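The hints should help you fit chain B onto chain A, whose structure is shown.
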Amino acid sequence: MTIPSKPMLKAESLHKTFKVGSRFRAGGIQHLHALSDVSLEVYPGEIVGLVGESGCGKSTLGRCLLRLYDVDDGRITFKDRDITGLSQRELRPLRADMQMVFQDPYSSLNPRRRVGDLIAEPLRVHGKHSASDVQARLRELMELVNLSPDFLTRFPHEFSGGQRQRIGIARAIALSPSLIVADEPVSALDVSVQAQIVNLFMDLQEKLGLTYVFIAHDLSVVRQIATRTAVMYLGGIVELGETDRVLHRPAHPYTAALISAVPEPDPQGNIKARTILRGEPPSPTNPPSGCRFHTRCPVAEARCSAEVPLLRALGDNRSVACHFPLDGSAAAHA
Amino acid sequence: MSDATTDATLPKTAAAETPEGPWRVALRKLFRDRTAVGAIIVLVLIVLACCAAPLYAKYVSQSDPFQSNLDGSITLDGNSVDIMQADTAGLGLGVTPIGPTWHGQYFFGADNQGRDVAARMLYGGQNSLLISFFATVVTLVLAAIIGTIAGFIGGLTDTVLARLLDVLWAFPVYLLAISLSIVFISKGIQIGPFTIPSNSLILPIMIIGIVYVPYVARPIRGQVMSLTRSDFVLAARCLGVPSFRILVRDILPNVTTTLIVFAPLMMALNMLTESALSFLSIGVQPPNASWGTIILDGEDLLYTQPMVAIAPGLAIIITVLALNFLGDGVRDAFDPRAKLRVKKD
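So the sequences go chain by chain: A and B. Per UniProt numbering, the first sequence starts with residue 1, numbered consecutively. Per UniProt numbering, the second sequence starts with residue 1, numbered consecutively.
Isolated chain B (complex conformation):
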């Protein structure tokens, strides 16, 4: 067996360093990807800015972004300026909200209630981020549960679950989201003693989360099916490992990667959907704001004060782009097939 010992001792030199798990390898890869790191930085800045909304409103904007302020005025370069300015070209009301000042107060100008758009954007960003984040959590959790059960058990269970997903899939996403929103957001939901009021953020979170479930559950189901037939699961069965342990120890860790790859991309999609629903006034309900509702506020002012619609639009674009770049980086870092490609070259 002398020939075998060479085989055994060959990489012994490298054994001294701590072995890197697939997780750490992936993270290291992710943090070497400049685009992804840039996206992470942008996202962190956006989140921090939105978290600082109350501070911004109190100390910088010095106004209440949830109160109309039609009679107020601010001091600009030493002069007192009305927020609603007399202007015949305006809404026909005789006033036009102030445009972007590019100073602390009313940075992006005011909406037609006289509220500070910049402050409202920070508060609205909180809601947009919260909804898209938690909707992603809802989608991934439901999809993971449904996809894993369908793929692992197979047979009739799989058929029933897969057909249910198909039914959900048969509806165009926006059509389904709009229908659900109209029904639930107009009335709220009452389940026994629990009431979810129509202005609760839970409604858009659940609606957006559920609408996208089939898009994630399908690939998860497929992956679990192929994992269930894989050699290492057969090996585990052969070793006498009980099914549940196989599911937890062998299958789920492999599915987690897929979920992580999906997460940023789903969050980007959810943010777009949330904005669309809010723009149609069936998402976040006033006086709460989201980037979508602020665009709606800006719709009337598009010709006179376009910044009211453009600013939240830019915020959405930047966030969604950053999420997509992050998603690409995460996929490259975590996708085992991509890793294989690098290895074989």
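The following block holds chain A by itself, in its conformation from the complex:
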């Protein structure tokens, strides 16, 4: 596909730190570096996959992009408008245009409100629909997510995880947003239901011309849905490019390790040499010097612990943050 030149959402060197612990307890206040120097551009109509281990900052990035969290430093531009400094009140009208689907379909729906009431909430709050319009829109939305309109009067506890996630999606598309950040929308679901929900996301993108930032830790989900993929490790993007290239010819050693960790469907087939990562990811409260991956990297050298590798272009529409990218891309050795 041709990528339009103008990004819909642009994040420039975002930093986000959480304070953990307490002044009055052992260890004192610690700073958890959830995001350090993250830049990402999302173009209209594309699906950007965000992958990485738990705790790598992908959900934080998703929430920062929608200004659900405040960033400490950096700039977020949505449709040519700098939204970094806007107050929550100023953001409210923009909310109609950027939405989120949450990971846990159980906790993201208020158990005390009926499904129709939940989905109608954005319509009522933004006040663009009359009462009869709301009812018509509700039916239309239920149809879009393949749920029976009879369900509108029911309560969330009567539904399965997959159905609840459909309700969450209906609520997110209620105001016809152009951007949806989906925060691991399928990882809490059964595998059989995962495929249905991923298909629904792809259907909706086609019908409504949506743009997604699709967060996942499952590479197969990302491979299926994402046009471009960003791989995150310990609060930073280590590799970014078209999904096929990133997942088939990884340039970053971490991406390679992630891919080789996916179980082979055919145990009789030729088993490729696996890159097995040793140890746990380092603590984000005390990240390693230089390249954050050097403590576990199979190809790390002295330079890696001294110098932070910047995200730079490799030529094939791909960027990588590594001093010694794989794939013999010697061109990157500048």
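Derived by calculation from the structure, the hints in this document are not laboratory data. Possibly wrong hints are sitting among the right ones.
So, partial list: chain A residues that the calculated Cβ filter (under 10 Å) puts toward chain B [to be verified]: (1) Q88; (2) M100; (3) A174; (4) S178.
Keep in mind that this is a model prediction, so the values were computed, not measured. C-beta: ideal position from N, C-alpha, C; glycine also.
Showing chain B alone in chain A's frame:
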């Protein structure tokens, strides 16, 4: 998307019946709980009996439970019997009040003013129930307001309110209640043009209500804090819902359940506290009665006519037990965690 349609149509058969809200589910559960239903029946009977106090005094007891009746007599099995009977073993006054007759008049006997204890118990029950009920209302309303504000706004507001609650909490309940009662009930309160006389029921209601506020406000604050951080509140923020609407539509309905669970248990506690204060004569003031003051009346007669103290004591025990059983039932019916447990098994 054919695979998805199966998912969508699966429970369609059940859609015909009217969907049950969480409230109705909880109530249905409550009314299936035999212990809770029994407790409700007992409580309703007690309340009805106490409401009927004037009728009982007029038609059954045929005496004025607020007037001393030292010279009176009643007709028992055709014989006229003195209410205060000559008895050397008595108070040293030469008389002992009549014991339980187990008949309409002076069912539980008389106190040392010659008043019908049974009639006084019904009137006293009115006061005990009123005080414990309205003190519960005071506690829950104040606790809900303080806990919600502290939990929802957070930051400095939360710190200040939480520390204030801690100060109140630092006092043992009874010590604080007794101190407040001694100060206010001895004098009454005068605020500008309004005077609350020292025998007003408002005083024990306010004192008991306020003393228990931290015990409810704390858990409410915690719950509101966790609700404020919950995914569905984040989702609401993401949808652009204003804070106040989030508070009213998303947070308060969830807090209400907690308040309902607390209500019967708090009322039981309040009844015990009220009785204790009245027994110490710093609760309900004479000539008004409460179950606590009647126990106090019975204290002097404990060896000669123990029924005067035992009867109101039993009334307190039965009411408090019933409230506690009801509280357990309400908790089982309304507590979402309990519901989750049943579901996962």
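Query raised in the report: Which earlier hints can't be squared with this structure?
Result: Going through the list in order, the structure violates hint 4 alone and respects the others.
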